[in-house]
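Got chain A; can you put chain B on it based on the hints?
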Amino acid sequence: MPVTTLNGRSVHVNDEGFLTEYDEWDEDLAKVLAANIGVDLTDAHWKVIHFLREDYKAQGETPTTRRVQQVAGIPIKEQFVLFPKKPGRKMSYIAGVPKPHGCV
Amino acid sequence: MKRLLVLGGGTAGTMAVNKLRPRLSPQEWKITVVDPDEVHYYQPGYLFIPFGIYQPDEVRKPRKRFLPSGVDLVTTEVDRVVPEENHVLLTDGVRLDYDYLIIATGTTPRPDQTPGMDDESVWRDSVHEFYTFEGACALAEKLRGWDGGRLVVHITEMPIKCPVAPLEFTFLADAFFTEQGMRDRVEITYVTPLEGAFTKPVASRYLGDMLDERKIALEPDFMVERIDPETKTLVSYDEREIGFDLLVTVPLNMGSDMVARSGLGDDLNYVAVDKETLLSKKYDNIFAIGDASDIPASKAGSVAHFAMDLFPENFLRHVQGLAMHEKFDGHANCFIETGHGKGLLIDFNYETEPLPGKYPLPGIGPFSLLKETEMNHWGKVMFRWIYWNILLEGKELPVPALMSMAGKIREDV
Numbered sequence: 329m330p331v332t333t334l335n336g337r338s339v340h341v342n343d344e345g346f347l348t349e350y351d352e353w354d355e356d357l358a359k360v361l362a363a364n365i366g367v368d369l370t371d372a373h374w375k376v377i378h379f380l381r382e383d384y385k386a387q388g389e390t391p392t393t394r395r396v397q398q399v400a401g402i403p404i405k406e407q408f409v410l411f412p413k414k415p416g417r418k419m420s421y422i423a424g425v426p427k428p429h430g431c432v
Numbered sequence: 057m058k059r060l061l062v063l064g065g066g067t068a069g070t071m072a073v074n075k076l077r078p079r080l081s082p083q084e085w086k087i088t089v090v091d092p093d094e095v096h097y098y099q100p101g102y103l104f105i106p107f108g109i110y111q112p113d114e115v116r117k118p119r120k121r122f123l124p125s126g127v128d129l130v131t132t133e134v135d136r137v138v139p140e141e142n143h144v145l146l147t148d149g150v151r152l153d154y155d156y157l158i159i160a161t162g163t164t165p166r167p168d169q170t171p172g173m174d175d176e177s178v179w180r181d182s183v184h185e186f187y188t189f190e191g192a193c194a195l196a197e198k199l200r201g202w203d204g205g206r207l208v209v210h211i212t213e214m215p216i217k218c219p220v221a222p223l224e225f226t227f228l229a230d231a232f233f234t235e236q237g238m239r240d241r242v243e244i245t246y247v248t249p250l251e252g253a254f255t256k257p258v259a260s261r262y263l264g265d266m267l268d269e270r271k272i273a274l275e276p277d278f279m280v281e282r283i284d285p286e287t288k289t290l291v292s293y294d295e296r297e298i299g300f301d302l303l304v305t306v307p308l309n310m311g312s313d314m315v316a317r318s319g320l321g322d323d324l325n326y327v328a329v330d331k332e333t334l335l336s337k338k339y340d341n342i343f344a345i346g347d348a349s350d351i352p353a354s355k356a357g358s359v360a361h362f363a364m365d366l367f368p369e370n371f372l373r374h375v376q377g378l379a380m381h382e383k384f385d386g387h388a389n390c391f392i393e394t395g396h397g398k399g400l401l402i403d404f405n406y407e408t409e410p411l412p413g414k415y416p417l418p419g420i421g422p423f424s425l426l427k428e429t430e431m432n433h434w435g436k437v438m439f440r441w442i443y444w445n446i447l448l449e450g451k452e453l454p455v456p457a458l459m460s461m462a463g464k465i466r467e468d469v
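Heads up: the sequence lines are chains A and B, in that order.
The number in this note's numbering is simply the position in the first sequence, starting from 1, with 328 added.
The number in this note's numbering is simply the position in the second sequence, starting from 1, with 56 added.
Chain A extracted, bound-state conformation:
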């Protein structure tokens, strides 16, 4: 896996720029990742990101937008407002977890 420098330190990423090491993530890094894709983080964003982190840790899998709606109670409509166009992809990128597998 390639290594890149974000926020002054080295982190492991895949070829799409997603962090590959769960523990290399912290909130400062999330701000840099969010800025990379033009997202300004508000409390509502953090709520989604923290849910993704916790759910991934518990389930071993990135929750889908449907699961974020059902389990965290954040409507898909709102997820689209917070992370325009591609919520599933954008929120997992910022949260430092794998892109939810679209399944083949």
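Read the hints as simulated data drawn from the structure, not as lab findings.
Nothing here was measured: the structure is a model prediction, and the numbers come from that model.
Certain hints may be false.
[Said to hold, decoys possible] Computed list of chain A residues with no C-beta within reach of chain B, every gap over 10 Å:
1) 352
2) 392
3) 408
[Unchecked claim] With a cut-off of at most 30 Å between alpha-carbon atoms, the simulated DSS-like pairs for lysine-lysine come out as follows:
4) B/256 - B/331
5) B/451 - B/464
6) B/120 - A/427
7) B/338 - A/427
8) A/385 - B/338
9) B/414 - B/383
10) B/331 - A/414
11) B/451 - A/427
12) A/414 - B/256
13) A/385 - B/383
14) B/383 - B/256
15) A/413 - B/217
16) B/427 - A/427
17) B/256 - A/405
18) B/383 - B/271
19) B/271 - A/414
20) B/337 - A/375
21) B/337 - B/383
22) B/256 - A/413
23) A/414 - A/375
24) B/337 - A/385
25) B/271 - A/385
26) B/117 - B/198
Cβ coordinates follow ideal geometry from the N, Cα and C atoms, glycine included.
Just chain B now, with coordinates in the frame of chain A:
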């Protein structure tokens, strides 16, 4: 006497009992299949019914015919599994005890999950699907009398059963309207929640080019929120709108509600299992096979077939208290009909995306991967016979269960 109970007598459930019955002593094991439907459908054939290529009777046969002797069939609906007590309750109140349970209840299109989709003013009139026998037949009727307009082919959300089928439908529709001499009166748009034509980059590029060549518009990243039955419009969560005269949608796919009632399902009613052995993550005497499980592979008969090549050995070891050695890799291959008597073939697994090359013999084929050929089309045509006569009965096909890189060509995206 030990009791093996199999819920669902579709592709996976039927293959499983055909492979297990000869290897489990009849003196020691009683095997029962529960499925409320007495008909076994050849689901890959649904795709051809709307275009009159297959007739309805070519895709259905009595279920009983494909179950081996020594396997009982109970045609009652399952109410729920009570896993703590090792029994299953049927809707007629009957209780079936088990020592081992195999859940093979598949996945089903659920138009009721998208507001407006099954509104009676549009459902099976201007809004259709082809993933059920009734739906495929209704669409055949519709296409026979349709004089053109805006055709929208649409996927609600992944995962769906046979993820290439909506593309095949689109290619076949293009060919069908061309042959009817009315292609210039039909505007075709392919609407998908994915970033491109398909889930994986190399295949997505090939298939995207094929949509282009056929003058089919692609609308990616479209997550439908609702359908407006009055204006006949698809509306996305980010407020894009796509109007249609005829919508052929793939509704949200969900596992059986029985799985949810049993407390065994995830948010789409799929049973959480180990992706290599298909053993439930919660219960040591429950497996989920075929589309009913949550393995990150295609929901497809092909995946069920390759998984069933490895499953019986694992099952036999597991019931003897031995470790399971066979590890399923998510192998699938699918013929993709592209119209005018040609087809494509893709072969892939959990880790390796579909790549070009030859299959199954490296350099020889006879099938070509990710390339349109007549041979691939004949492969698909022959497959119906193979399904009824070889596959369901659990006989071996001369192709390996695990995916091989031999014959595949890696390329940069």
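Regarding the pair residue 271 of chain B and residue 385 of chain A, is the alpha-carbon distance no greater than 30 Å? violated, 45 Å
Please verify whether residue 451 of chain B and residue 427 of chain A have alpha carbons no more than 30 Å apart. Violated - the C-alpha atoms of residue 427 of chain A and residue 451 of chain B are around 38 Å apart, more than 30 Å.
Please work out if residue 427 of chain B and residue 427 of chain A have their alpha carbons no farther apart than 30 Å. This hinted pair holds, its Cα atoms lying about 29 Å apart.
Mind checking the alpha carbons of residue 385 of chain A and residue 338 of chain B for me, to see if they're no more than 30 Å apart? holds, 18 Å
Residue 256 of chain B and residue 405 of chain A: Cα distance at most 30 Å? Given that 30 Å is the threshold and the Cα spacing comes to 26 Å, the pair holds.
Non-interface claim for residue 352 of chain A versus chain B (Cβ beyond 10 Å): Residue 352 of chain A clear of chain B: closest Cβ-Cβ about 23 Å, beyond 10 Å.
Can the restraint linking residue 331 of chain B and residue 414 of chain A be considered satisfied, given a maximum Cα separation of 30 Å? Satisfied, since the Cα-Cα distance of roughly 28 Å is no more than 30 Å.
Does residue 427 of chain A sit within 30 Å of residue 338 of chain B, going by the straight-line distance between their CA atoms? holds, 26 Å
Going straight from one Cα to the other, do residue 271 of chain B and residue 414 of chain A come out at no more than 30 Å? Distance ~26 Å between residue 271 of chain B and residue 414 of chain A Cα, so the pair holds.
Is the straight-line distance between the alpha-carbon of residue 413 of chain A and that of residue 217 of chain B 30 Å or less? Holds, at roughly 25 Å.
Are residue 337 of chain B and residue 385 of chain A close enough, with their CA atoms no more than 30 Å apart? holds, 16 Å
Would the hint linking residue 414 of chain A and residue 256 of chain B be met if the CA-CA limit is 30 Å? OK: residue 414 of chain A and residue 256 of chain B at ~17 Å, within 30 Å.
Checked against the numbered hints above, the structure breaks hints 2, 3, 6, 11, 18, 25 and satisfies the rest.
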